[in-house]
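Peer 1: Protein chains in written order, with my numbering: chain P, 1 to 285; chain Y, 1 to 111.
Note that these hints are calculated values from the structure, not bench results. Fair warning: this is a prediction, and the values are worked out from it, not measured in the lab. Glycine included, C-beta positions come from ideal geometry on N, C-alpha and C. Treat each hint with caution, since some may be false.
Each pair of labels, with its calculated beta carbon distance range [what the hints assert, rightly or not]:
#, chain 1, residue 1, chain 2, residue 2, range
1, P, E59, Y, D38, 19 to 29 Å
2, P, P112, Y, A29, 40 to 50 Å
3, P, W87, Y, G91, 43 to 53 Å
4, Y, A29, P, V161, 37 to 47 Å
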Amino acid sequence: MLGALIIVFREVIEAGLIVGIVMAVTQGVRGSRAVIALGVGAGLVGAGLVAGFAGVIAEALAGVGQEMFNAAILMIAVVMLIWHNVWMASHGRQLAAEVKRVGDDVRGGTRPIAALGVVCAVAVMREGSEVALFMYGLVASAGSTALDLVIGSALGLLAGVALTVVTYLGLVAIPQRRLFAVTTLLISFLAAGLAAQAVLFLQQAGVIAALSQTAWDTSAILSDTSLFGRVLHTLVGYSDQPSVLQVVVYAATLAIIFVLTKAFGGGRSHAPKSRGPAAAPAPAE
Amino acid sequence: MVKARILPLLAALIAPMAGVAADEPATMALTLKDHRFDPGEPAAPAGKPIVIEVTNLDPTPAEFESKQLRVEKVVPAGGRISVRVRALTPGRYRFYDDYHESTAEGFLVVK
Numbered sequence: 001m002l003g004a005l006i007i008v009f010r011e012v013i014e015a016g017l018i019v020g021i022v023m024a025v026t027q028g029v030r031g032s033r034a035v036i037a038l039g040v041g042a043g044l045v046g047a048g049l050v051a052g053f054a055g056v057i058a059e060a061l062a063g064v065g066q067e068m069f070n071a072a073i074l075m076i077a078v079v080m081l082i083w084h085n086v087w088m089a090s091h092g093r094q095l096a097a098e099v100k101r102v103g104d105d106v107r108g109g110t111r112p113i114a115a116l117g118v119v120c121a122v123a124v125m126r127e128g129s130e131v132a133l134f135m136y137g138l139v140a141s142a143g144s145t146a147l148d149l150v151i152g153s154a155l156g157l158l159a160g161v162a163l164t165v166v167t168y169l170g171l172v173a174i175p176q177r178r179l180f181a182v183t184t185l186l187i188s189f190l191a192a193g194l195a196a197q198a199v200l201f202l203q204q205a206g207v208i209a210a211l212s213q214t215a216w217d218t219s220a221i222l223s224d225t226s227l228f229g230r231v232l233h234t235l236v237g238y239s240d241q242p243s244v245l246q247v248v249v250y251a252a253t254l255a256i257i258f259v260l261t262k263a264f265g266g267g268r269s270h271a272p273k274s275r276g277p278a279a280a281p282a283p284a285e
Numbered sequence: 001m002v003k004a005r006i007l008p009l010l011a012a013l014i015a016p017m018a019g020v021a022a023d024e025p026a027t028m029a030l031t032l033k034d035h036r037f038d039p040g041e042p043a044a045p046a047g048k049p050i051v052i053e054v055t056n057l058d059p060t061p062a063e064f065e066s067k068q069l070r071v072e073k074v075v076p077a078g079g080r081i082s083v084r085v086r087a088l089t090p091g092r093y094r095f096y097d098d099y100h101e102s103t104a105e106g107f108l109v110v111k
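Only chain Y is shown next, with the shape it has when bound in the complex (with noise of 0.2 Å):
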């Protein structure tokens, strides 16, 4: 456990600070009704940073969320909110409604 901590640290002390801050992020939206994502597999680009828009047309607040987005945002009723998430290499990432995760899941498709 130790070990696994200080690796990354060791990786972080040596290698230079990537410059991804200066990259223009791709935007991405995406809407909640009736607990349901618009659209459910929505696709971006790769190894570049993501801006991704949430409006919510329910009644009632959701908590977009997302463990390998790294993302954690409550979504007011009728609102919308945007998150940044980092550049992603290609794969599949999981997002839902922390509220009503049987329903309101989906996938951010990177290619």
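Excised from the complex, chain P in its bound form (with noise of 0.2 Å):
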């Protein structure tokens, strides 16, 4: 039972902490609950579909159509937390420093917040679908311990689920006026990372040969299939054993998106002085 739940809960870990930062980072934007259940809700059956369907997505594209898929849902939610840190850098800070004081959150609503539902809805399928078949696995080959199996499972699900609550509630603790800084920098750094996945998807295909050499190898260190190990490879990327190339894309995504936001966040320095909430006494939650 305690393998099955470990297993799982080791599938879970992204999507759990994904969708706990995207919650704290839409806190108090009207709309943005629903849109976060919309997302997990989409992912979920998402999740049922590529489970049902992995074998003809196995097959497809003489045979990477695997690779290609998880490589173009990780580009997606690349593009999709690049955006929204662009969007926050030239009109986030306003909001921020006016909106949240003010206590009314109607025109944060304009935020693209239906990108970071597509961020949880790709987070929720790629995780799901391995989730699926591994439970069906069990189901399927119902031996006298399935029960107990499918209860671990079922547990590592909730580990998962409680993984989320307690990212948000660890984020929402952070004052308001930091929290912008905070998560900016956590959607930087998981989006860099994602990146450096959907890279080894594409060399995995075959598609990308070059630069797959072992850029450095800390397995004895930190396995990053260990649970922190897992942990830090959602939040910073962490991998024990990347290839050069990855590390190329990661540095460069980080490059990129530090260059759009300053290219795009040249608004902020006509937003209120930062000086003004930081006088104001700090709300008490």
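Two chains, two separate frames, one set of hints: put the complex together.
Peer 2: Here is the structure:
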């Protein structure tokens, strides 16, 4: 039972963290809860479909369908995250400074939360499909221990949900005016890590062969299959044996986000000086 | 950490793109039955890209995975997949079925 719990939990860590982060990022934005719920729901349906058609997907595109599919949805998530950060750089600081203070979130609703809903959907779909396949295998092989394993899997899923809650609560405990900076940073590293994962699939498919040598091997120090390693894998893209190209793409993604944020964040200097909220008595949450 | 990321980046920029793509890959077949790999320790040549074909004879799905080979791919019940692995240096590379890691594990022996 414990084995199944750990396998399932390991699979859902990434989705759990991502949904928790998105919930914190969109906290207080009108309609954001519905969008996230929709994203997670769509992700679950998608996970069922991906698992159900695993055979078809695997055989598609001359046998590299699975890799191309994974790489594509990872890149969608990356683009959505970058878009969100850039949008927030050009509009968000102002909103965070003014809107939050008066407690009126109406204009906050214009934020591109749909992009983050998509991010939730693809995260849940990707990992959910693997959990679905694993659990299907358990049920199909219906041994005497099957029920035990199914219970373990269910507990693993619950642990994933708990991780979402902990992530969310941990982030929203951060004072409002710092939360923006923290989540911007989190999303940047998250996007870079997902981009590096997409590279892995393209290399596995043989679409890209260049720079496939291993950049470093820190598996003896911190394996990225350990629970902590897995958390770091999602949060900052930690990998214990990345290829050189993964490292290059990781750095490039961070650079792109930095440049775009600077380029589109010009309006920030015209925003009410950030002294404003700082000078005001800190709201007691 | 920052340094660790920058060094390989510099190396990558300076070193010319290695033309491994042109090499003919070596092919290697594995089967999964009763959640065990056959052969358990397949051999492969060093210095050549390798295409690993995995056929799953079990009635349940598997996930062929290896950290060292950097592959991760679902193998449907009764299905067959192939993954491409970079040219390797001699050594033993562990692979496993992520869903049945306790029995389904093997080593790619590169010589």
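Peer 1: With respect to the beta-carbon atoms only, verify the hint that A29 of chain Y and V161 of chain P lie 37 to 47 Å apart.
Peer 2: 41 Å, holds
Peer 1: Is the hinted range of 40 to 50 Å satisfied by the C-beta distance from P112 of chain P to A29 of chain Y?
Peer 2: 48 Å, holds
Peer 1: Looking only at beta-carbon atoms, does the pair E59 of chain P, D38 of chain Y fall within the given range of 19 to 29 Å?
Peer 2: 22 Å, holds
Peer 1: Does the Cβ pair W87 of chain P, G91 of chain Y satisfy 43 to 53 Å?
Peer 2: 47 Å, holds
In the structure shown, no violation is registered for any of the earlier numbered hints.
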